[in-house]
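Asker: As you go down the protein sequences, you meet chains A and B in turn. For the first sequence, this note's numbering begins at 8 and goes up steadily by one. For the second sequence, this note's numbering begins at 56 and goes up steadily by one.
Simulated from the structure, these hints should not be mistaken for laboratory data. Here the structure is a predicted model, which means the values were calculated and not measured. There may be inaccurate statements among the hints.
Here are some of the chain A residues that sit facing chain B, going by a computed Cβ distance under 10 Å [to be verified]:
1. D56
2. V61
3. I79
4. R85
5. A86
6. F89
7. T91
8. K94
9. V102
10. K283
With a straight-line cut-off of 30 Å between C-alpha atoms, the simulated BS3-like cross-links for lysine-lysine are [what the hints assert, rightly or not]:
11. A:K222 with A:K192
12. A:K226 with A:K236
13. A:K25 with B:K265
14. B:K63 with A:K284
15. B:K369 with B:K387
16. B:K63 with B:K387
17. A:K237 with A:K192
18. A:K175 with A:K99
19. B:K106 with A:K278
20. A:K175 with A:K236
21. A:K192 with A:K236
22. B:K404 with B:K362
23. A:K99 with A:K265
24. A:K284 with B:K106
25. B:K404 with A:K284
26. B:K63 with A:K278
27. A:K26 with A:K195
28. B:K265 with A:K283
29. B:K265 with A:K99
30. B:K61 with B:K106
31. B:K106 with A:K283
32. B:K106 with B:K63
33. A:K99 with B:K106
34. B:K265 with A:K26
Just so it is clear, CB atoms sit at the ideal spot from N, CA and C, and this is done for glycine as well.
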Amino acid sequence: MSEITGNEIIHQYLRHNKKFPHVLCAGCGHGIVLGTLIRSIHSLGIPRDDVVVVAGIGCSGRLAVYVDFNTIHTTHGRALTFATGIKMANPKLNVITIMGDGDALSIGGNHLIHAARRNIGVTALVLNNNIYGMTGGQSSPATPLGSTTMTSPYGQLDKSFDTVELAKGAGANYVARGTVFHVRKLEKIMTEAIARPGFSLVEAITPCHTQYGRKNKYKSPVDMYKWMKKAAISVERYEELPEDQREDRLPIGVFVAKDRPGFEERYFAMKAEFQKKTVKGGK
Amino acid sequence: MARRKKRKEIFALGNEAVVEGALLAGCSFYGGYPITPSTEIMEIMSARLPKTEDGVFIQLEDEIASMGAIIGASLAGRKAMTATSGPGFSLMQENLGYAIMAETPVVLVNVMRGGPSTGLPTCPAQGDVQQARWGTHGDHPIIVLSASNVQECLEMTITAFNMAEKYRTPVILLLDEVTAHTREKIEIPNEGEFEVFSRTIPSMPPEWYKPYEETVRGVSPMPPIGSGYRFHVTGLTHDRNGFPSQRPEEVVELMERIHRKIDQFFYDIQLVEEIDTDDADVVVIAYGCVARSAELAVQQARENGVKAGLLKLKTLFPYPRRHTERVLAHAKSLIVPEMNMGQMSREVKRVNMGRVPVRTINRIDGQIVTPSEILKVIMQG
Numbered sequence: 008m009s010e011i012t013g014n015e016i017i018h019q020y021l022r023h024n025k026k027f028p029h030v031l032c033a034g035c036g037h038g039i040v041l042g043t044l045i046r047s048i049h050s051l052g053i054p055r056d057d058v059v060v061v062a063g064i065g066c067s068g069r070l071a072v073y074v075d076f077n078t079i080h081t082t083h084g085r086a087l088t089f090a091t092g093i094k095m096a097n098p099k100l101n102v103i104t105i106m107g108d109g110d111a112l113s114i115g116g117n118h119l120i121h122a123a124r125r126n127i128g129v130t131a132l133v134l135n136n137n138i139y140g141m142t143g144g145q146s147s148p149a150t151p152l153g154s155t156t157m158t159s160p161y162g163q164l165d166k167s168f169d170t171v172e173l174a175k176g177a178g179a180n181y182v183a184r185g186t187v188f189h190v191r192k193l194e195k196i197m198t199e200a201i202a203r204p205g206f207s208l209v210e211a212i213t214p215c216h217t218q219y220g221r222k223n224k225y226k227s228p229v230d231m232y233k234w235m236k237k238a239a240i241s242v243e244r245y246e247e248l249p250e251d252q253r254e255d256r257l258p259i260g261v262f263v264a265k266d267r268p269g270f271e272e273r274y275f276a277m278k279a280e281f282q283k284k285t286v287k288g289g290k
Numbered sequence: 056m057a058r059r060k061k062r063k064e065i066f067a068l069g070n071e072a073v074v075e076g077a078l079l080a081g082c083s084f085y086g087g088y089p090i091t092p093s094t095e096i097m098e099i100m101s102a103r104l105p106k107t108e109d110g111v112f113i114q115l116e117d118e119i120a121s122m123g124a125i126i127g128a129s130l131a132g133r134k135a136m137t138a139t140s141g142p143g144f145s146l147m148q149e150n151l152g153y154a155i156m157a158e159t160p161v162v163l164v165n166v167m168r169g170g171p172s173t174g175l176p177t178c179p180a181q182g183d184v185q186q187a188r189w190g191t192h193g194d195h196p197i198i199v200l201s202a203s204n205v206q207e208c209l210e211m212t213i214t215a216f217n218m219a220e221k222y223r224t225p226v227i228l229l230l231d232e233v234t235a236h237t238r239e240k241i242e243i244p245n246e247g248e249f250e251v252f253s254r255t256i257p258s259m260p261p262e263w264y265k266p267y268e269e270t271v272r273g274v275s276p277m278p279p280i281g282s283g284y285r286f287h288v289t290g291l292t293h294d295r296n297g298f299p300s301q302r303p304e305e306v307v308e309l310m311e312r313i314h315r316k317i318d319q320f321f322y323d324i325q326l327v328e329e330i331d332t333d334d335a336d337v338v339v340i341a342y343g344c345v346a347r348s349a350e351l352a353v354q355q356a357r358e359n360g361v362k363a364g365l366l367k368l369k370t371l372f373p374y375p376r377r378h379t380e381r382v383l384a385h386a387k388s389l390i391v392p393e394m395n396m397g398q399m400s401r402e403v404k405r406v407n408m409g410r411v412p413v414r415t416i417n418r419i420d421g422q423i424v425t426p427s428e429i430l431k432v433i434m435q436g
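Start from the sequences, fold in the hints, and give me the full structure.
Answerer: The structure is reproduced here in structure tokens:
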């Protein structure tokens, strides 16, 4: 019997007869993230009935429709709010949100920091392509300083968010970053993120050649992947670098890995206490 | 005949009665954000729900998240609600539209206070009536209910949940600060004395199931997430399977069905109470705390020999046209008192079509419309 390849696994999980061809551009990294997510879920052996993929709005928001899980395409920036409700309503479900950088860091920024603070048992994937892709290439909070976009034609003036630092500051239980160029590593951290209790955040750096790259000196998708290859450095090695060599480098790997119980665990533990007392009281 | 079991009586705020009603209706999920004058609903829920068998309470970071969380909870099979006031109601409009589009039953209580903006946070108003009807963008149907006393707060909350579940739609319960903060004696109905409706769960195999099927009632069964029926939920226009679609024939089928599922059940949805309307020459049409003032005014007018009646609206939208037509058959004039610049009187005038004079009494100073104000207008003939 031949070995099952990655693609064969993926095909088992796609709504192949319903929703293809897909909306993503040639060269887009979003498909790689989705493939990685499928392999992670498959490797953990989670039944697909127990997986809920909650997506926001934008190119990343469209990913949910292609996979044969319970899928919810929500409103812009609000994926984590729906996910919080689902997880609290049924803590047995594995809830994974897919958000873009504009989705998670701009319009949904408040929900992101509070989901992290609350430590709700949801895995948040932030697909960072540095731009609002679907609306035609406007600058996002993840657009690097000086970049040219449709709404910063003279160069982006404001500094971008560091998603990892933001999530760390807000108290996330597990924080990691990967790129679609370093797929094996991305798969490893995504698998770990899903398996952890509490709130996990994985930032996946993914290229948008169509809306970001071609206006910012990355003439082809290949140039963008080459940039990822060159800029990325493991977080361990990054920390050994002297300050002056850190600029333009992108640390990837695991930044925070704690095992604090999720909000839902704490809530249902409190409920269990009440129920014990009620039984003792003979009611 | 067996004697009716005595009902438990409590001395409660309108907001407390909402909680009692919600729990009787099977609400097991509350997500919210504090705001005056609805906060007591949230506070009491935070104490009550954790002690029920499966109840979940969560305080969210804002009203946008509150609405998102209750929709998520509803998709996962819970009867879910939130409560808010003025500014919070504005923030909920986006996801309210999502719940309409994704046909997700939720209950949203809005305790109206003076506006616009921060307005009069501790004073009553009825300024959100048309916002409740049209606040979220796009063409949409909506069910908006109201209550004029504390007992009705309990009863209409149960009704709100039943309608949400029956029609797979969000239901708005519009209260005002006076009704929400009035404390009076109410009876808690015993089990079996009121209807509790829960959404239909599909019984067919998952591969046959379509979440947005074109059915006679216009409503498909709704399985909880995780029960083996995997489907796609979206705020985009979608086909019967829930997958996004821009095909004109599929868009029109969806839009017509979400309207039809409400429109063809007006007889079930439009609730009113009629007091002395059968022979009335002057009919007052009122809702919320103003309906209480109107009830007294109508009674006093009768004592003074004027045939007055009250049409109390318990359903604000879809507007009870049929009931209004019926009083118009003999009424010589209508009076619409409300605590806004004339939001429900627009609906009354639309139905009246110039047949009889429609007089309005409007207060926008954060004070209630008093019985004597209404009586004065009735006595003017």
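Asker: The structure should be examined with respect to each hint, and the outcome stated for every one.
Answerer: We went through each hint and held it up to the structure:
| no. | hint | result |
| --- | --- | --- |
| 1 | D56 | holds (5 Å) |
| 2 | V61 | holds (8 Å) |
| 3 | I79 | holds (5 Å) |
| 4 | R85 | holds (5 Å) |
| 5 | A86 | holds (8 Å) |
| 6 | F89 | holds (4 Å) |
| 7 | T91 | holds (5 Å) |
| 8 | K94 | holds (8 Å) |
| 9 | V102 | holds (9 Å) |
| 10 | K283 | violated (12 Å) |
| 11 | A:K222 with A:K192 | holds (29 Å) |
| 12 | A:K226 with A:K236 | holds (16 Å) |
| 13 | A:K25 with B:K265 | holds (13 Å) |
| 14 | B:K63 with A:K284 | holds (25 Å) |
| 15 | B:K369 with B:K387 | holds (23 Å) |
| 16 | B:K63 with B:K387 | violated (43 Å) |
| 17 | A:K237 with A:K192 | holds (16 Å) |
| 18 | A:K175 with A:K99 | holds (26 Å) |
| 19 | B:K106 with A:K278 | holds (7 Å) |
| 20 | A:K175 with A:K236 | holds (25 Å) |
| 21 | A:K192 with A:K236 | holds (13 Å) |
| 22 | B:K404 with B:K362 | holds (21 Å) |
| 23 | A:K99 with A:K265 | holds (20 Å) |
| 24 | A:K284 with B:K106 | holds (10 Å) |
| 25 | B:K404 with A:K284 | violated (58 Å) |
| 26 | B:K63 with A:K278 | holds (26 Å) |
| 27 | A:K26 with A:K195 | holds (28 Å) |
| 28 | B:K265 with A:K283 | violated (41 Å) |
| 29 | B:K265 with A:K99 | holds (24 Å) |
| 30 | B:K61 with B:K106 | holds (25 Å) |
| 31 | B:K106 with A:K283 | holds (11 Å) |
| 32 | B:K106 with B:K63 | holds (20 Å) |
| 33 | A:K99 with B:K106 | holds (20 Å) |
| 34 | B:K265 with A:K26 | holds (16 Å) |
Checked against the numbered hints listed earlier, the structure breaks hints 10, 16, 25, 28; every other hint is satisfied.
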